[in-house]
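Visitor: Protein sequences appear in the order of chains A and B.
Under the numbering used here, the residues of the first sequence are numbered 1 to 115, in order.
Under the numbering used here, the residues of the second sequence are numbered 1 to 111, in order.
Relax, there's no trap hidden among the hints.
Calculated from the model, a selection of chain A residues having no Cβ within reach of chain B, i.e. all distances over 10 Å:
(1) Ile12
(2) Ile13
(3) Glu68
In the EDC-like style, the derived pairs of lysine to aspartate or glutamate whose C-alpha atoms are separated by at most 20 Å in a straight line are:
(4) Lys42(B) to Glu103(A)
(5) Lys45(B) to Glu103(A)
(6) Lys79(B) to Glu15(B)
(7) Lys44(A) to Glu5(B)
Not the full set, but computed from the structure, chain A residues with beta-carbon under 7 Å of chain B:
(8) Gln41
(9) Gly42
(10) Pro43
(11) Leu45
(12) Tyr102
(13) Glu103
(14) Pro108
(15) Gly109
Calculated from the structure, these hints are not laboratory results.
We put the beta carbon where it would ideally sit given N, CA and C, even for glycine.
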Amino acid sequence: EAGVAQSPRYKIIEKRQSVAFWCNPISGHATLYWYQQILGQGPKLLIQFQNNGVVDDSQLPKDRFSAERLKGVDSTLKIQPAKLEDSAVYLCASSLVETNSYEQYFGPGTRLTVT
Amino acid sequence: RKEVEQDPGPFNVPEGATVAFNCTYSNSASQSFFWYRQDCRKEPKLLMSVYSSGNEDGRFTAQLNRASQYISLLIRDSKLSDSATYLCVVTLSGSARQLTFGSGTQLTVLP
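Kindly generate the complete structure, drawing on both the sequences and the hints.
Guide: Structure representation (structure tokens):
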């Protein structure tokens, strides 16, 4: 079974530039999450989708971050404009809804460096 | 106060040693508990769930103390391949399956 796919794997941009990340979850997983993991910290949830609807975006800095999952499958996360403090790994995860398990399956992440 | 707190380490132990990690959580409404493992520059992966009765998976034992809001992970007979960061994770009741991660405890097993 294919895992969660993310691209690009690495991105270096200057502050005030824009950047977009893409995620394709495991086939059949209705729930998709975007996390931000700053060096030395655990992942922090930014936004959760179920199918193409937003379940929770309370921790998404909406003045600069946006995310969409238009067809309920793959998703994009955008930062515009980027700040130095956005340097982090952006992880996408997916999970099944029809299960008692809370397990989330993570993609390899996109490592963003803002200079 | 952080929702999930862990000693960041690092823990440097010789092969074959027993090592224990602790974690505390602040919200008494927390419902489910897990340990995830994250290798250097890799994604987190579920290691094991943590139950009130305690549970064991090979060399790994996890325990939960709801009264003290405390979770532990014990690794026996450490292997070089156990070197990783161990993330304590909790969920809240009714939180739509959202995971709240601690900052992780770094373990290095030395030959």
